[in-house]
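Undergrad: Between the sequences and the hints, there should be enough to build the whole structure, so can you do that?
In order, the protein sequences belong to chains L and V. My numbering puts the first residue of the first sequence at 1, with every later residue one more than the last. My numbering puts the first residue of the second sequence at 1001, with every later residue one more than the last.
All clues given are correct.
Okay, derived cross-link-like pairs now, DSBU-like style, lysine-lysine, Cα gap no bigger than 35 Å in a straight line:
{"hint": "1", "chain 1": "L", "residue 1": "K185", "chain 2": "L", "residue 2": "K144"}
{"hint": "2", "chain 1": "V", "residue 1": "K1061", "chain 2": "L", "residue 2": "K144"}
{"hint": "3", "chain 1": "L", "residue 1": "K50", "chain 2": "L", "residue 2": "K144"}
{"hint": "4", "chain 1": "L", "residue 1": "K50", "chain 2": "L", "residue 2": "K185"}
{"hint": "5", "chain 1": "V", "residue 1": "K1062", "chain 2": "L", "residue 2": "K144"}
To be clear, the hints were calculated from the coordinates, so they are not data collected in a lab.
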Amino acid sequence: MFERLDPSARHALELAQRETVRFHHNYLGTEHLLIGLTLTDSFPARLLAKLDCTPDAVRSAVVDVIGRGRPREQLLATIGIDLGEVRRRAEATFGSEAVAYAATRALPRRRLSPPRWWPNCSVGAPCESALAGGWLGMAPRLKKVLELATRHAAPAPATPTHLLLGIVEEGNGVACQILERRGIKLAVVTTAAQAELS
Amino acid sequence: MTVLADAVDSRDPSVGLAAVATLRTLVEELEVLHVENARACGWSWQAIADELGVTRQSVHKKHRTTRRRGQR
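TA: So this is what it looks like as structure tokens:
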């Protein structure tokens, strides 16, 4: 199933997942994927750089549009729970490997669960579950983007370019809002990506 | 940590609700850890369900795919 994304597309998703930790967001959305794409060494990164969409420019646009989340430690502290202490005790009792496993088993709400074909494992990078690394819920639009990208690429695995094409084709995600806010016409991106693929 | 906590107005619904959602995630993860441990100790689903205060069917439905300790 993982074969539906090529290694660099997978890498873009891993980078996207790391961005969610930076913003303390509890879902993985198209905006994070857009940042992930700008960080890879691929056609979308070069195209976006040419359109003045650097990683930092997209990051600050994400803060403008979505804002930052609050760290889990801080949220739980407001109701009197010391997450650090809970984590310490859990790891002391069961070991850090078991804690990491538990995080992957505590699945997000159904609406945020990954697409059906997704492998039952974390994309790779540690991300924000309460205790350790684990699933981040995928926003519905990101799921759509992944479906579009893999469908276009089939039977070959989807490349980062397919992911970018998926983002603009889906057309309503936060990533597209950000592109439009930065004065980029989605049609321009589509044309350039399709030219690259053909 | 206390300083951070004090800095947040806990009457703000967005903080309170997000805290509850995070707590729910934490509870789910702890439940997985302890169910896994109980199964590794040879507990039956019925015994686990009794302690969790739910039915045997529901605990089995939720955790049957949880690995046994030592499996990968």
